[in-house]
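*Asks:* So the chains spell out like this:
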Amino acid sequence: MSSFSVTEPSKRSKWVAGTLVITYALITMIPLVWILLTGFKSPADAISYPPKVVFDPTLEGYVNLFTTRTRQTQEFLNANPPQNWADEIVRQYDMVIVGPSKFGERFMNSVIIGFGSTFLSIFLGTLAAYAFSRFKVPLKDDLLFFILSTRMMPPVAVAIPIFLMFRNLGLSDTHLGMILLYTGVNISLAVWLLKGFIDEIPREYEEAALIDGYTRFQAFYKVVLPQAATGIASTAIFCLIFAWNEYAFAVLLTSATAQTAPPFIPTIIGVGGLDWPAVAAGATIFLIPVMIFTILMRKHLLRGITFGAVRK
Amino acid sequence: MAEVVLDQISKSFGSLKAVDNISMTIPDGAFVVLLGPTGAGKTTTLRLISGLEKLDSGSIRIDGRDVGLETPAQRDVAMVFQQYSLYPHMTVRENLSFPLRSPILRTPEDEITRKVGEVAEILQIPHKLDNKATELSGGEMQRVSIGRALVRDPQIFLMDEPLSSLDAKLRADLRIELKRIQADLGSTLLYVTHDQVEAMTMATHIGVLEDGKLVQYGTPRDIYENPGSVYVASRLGLPRINILPSELFGGDHKGPQIGLRPENIVEGDGIEARVIRAEHLGDQTRLHLDLNGHPIVTLIDVHQDYPAGKTIKIRPNNPLYFDASGARVT
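Chains A and B supply the protein sequences, listed in that same order.
Heads up: the first sequence is residues 1 to 312, going by UniProt numbering.
Heads up: the second sequence is residues 1 to 330, going by UniProt numbering.
Hints are computed from structural coordinates only; laboratory data are not their basis.
Hints are not guaranteed to be accurate.
[Claimed, not checked] Restricting the straight-line Cα-Cα distance to at most 25 Å, the calculated cross-link-like pairs of lysine to any residue (SDA-like) are:
no.	chain 1	residue 1	chain 2	residue 2
1	B	K54	A	F135
2	A	K140	B	D56
3	B	K54	B	Y217
4	B	K54	A	R203
Since the model is a prediction, treat every value here as computed from it, not as a measurement.
Just need the whole structure built from these sequences, with the hints factored in.
*Replies:* The following block contains the structure:
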């Protein structure tokens, strides 16, 4: 080994690396910050050129996102004074709030379908990965390749057959249908990632548990699962991000009841002109759950991404 | 505690015969050591008894009951693995309690606390009970791993080279401790090792394995004094037994090969050998000799000087004889 220290980076290289990372982070954050800011702009400020960085913030976008409004005659407006701050905001366009928009409902659909399919993918994926990792499964390699091959074509290629299948099975525009579909897409990723993690857990732990008086299944959930937590957490993040952001299938297969937020948000544009602040407000709120989930799992994710280095 | 009977058991992995038709009886309360080099089938034999591997043929009876179809849990055996296998997400206390909490034992909490405390005391780890299993040194991990077996009262203890990863002093301490615990509890214990000191000091019976076969089974004294073959004779004794052509020493001999342990070599008369070097170990001196091109290692008087090149005379005394294939001739 060499005599100079190779483990401790010099002050200068730390500084250079830090600057690069911060610069990269700032660049990638520009679109997110722009969405966040646009959500608080008035429609005029949102489309002004050159773009405004400093502006009078307003909650108009958020009000428009969550409500439906109609234009009213001056007599009506004079006879009915505004009831709250939200009402006051829409009065400037001679409008009144007549009810909630569909956004809350669509957002909840996204939550149910996103987390539901993530849970199901992880549940089935963990069991399958454990079986592939530990047991002699006939045609194991072929089955694993088949599972992976479902990821090899663009989802849109199977859109029409799935559309017809769902119609015949009565799964079109249902929560169950979308959960099953996203689980089907995610399961290949889940099985492959989790198999890698479970392969890294030495068998001796389960063998010790078997000898200590536990059944195979008890050994699995008392000894293997806690050690696979890192892998499960990072796999769950990948699954959730896919299911949460998915657009093409959602447009095609959902409409009135099970529509998720991604296909809904663009439709806001059509209501009362190009309402960019409302779109930006919808996008901002839409980002929050994935962000919270990722922050909660962050500790596991960092270790998960380097999964060759899991402590044995 | 129980008697364990292996009846013609065999196990192959692909074309490799790991265990080949082994029959042996492990008496109730015995400390049986399986001795043999890596790959001789020692570990596989343990795993077959524990139920972690399925028998290809033969049968295993624990306390008279055929356990061939039983799960490891049903067999009621405790096992210490070579690589500790402590549950890394648990504390030492949780590791030691784990077998007692199993659905089969369902030990009451106060009993668990008492037993865990007792075992921790024996293994000198009470101050480590609330540490994570991963925060221990190698020696501590192995002691916890032994403790996880000792908290139970199984039919038989199975131990797979439990001391091999410890440093010399700890190994010597635990060797005596294990023997004492086994004697106190009257446990039946099957112990795998390739360390002859462990085998000689702890065993009531030694089984010597070669290529999956049990080649000799008896008391340590019997195995040492009456080895059935060159292979068995080479397993025990330090320095190793010297195997030489019998005609080197002339005269009558019962077989073509002669086996000489240091105590079988008398110095002073006989034929001439040249000293290559002497190793002074303090309590003994190991002498490397050259006898007509054949190397010999023996022990000699500590207080005499044997410079390299010096010639001394040696003769055999009560040697062992073997035929050309290595089998004992008496």
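*Asks:* Next step is simple, just say for each hint if it's right about the structure.
*Replies:* Tested hints:
1. Restraint check for B/K54 and A/F135: satisfied, since their Cα atoms lie roughly 14 Å apart, inside the 25 Å limit.
2. Taken as a hint, the A/K140 and B/D56 pair is honoured in the structure, with Cα atoms around 24 Å apart against an allowance of 25 Å.
3. Taken as a hint, the B/K54 and B/Y217 pair is honoured in the structure, with Cα atoms around 24 Å apart against an allowance of 25 Å.
4. For the hint pairing B/K54 with A/R203, the CA-to-CA distance comes to about 16 Å; that is within 25 Å, so the pair holds.
The structure shown violates none of the earlier numbered hints.
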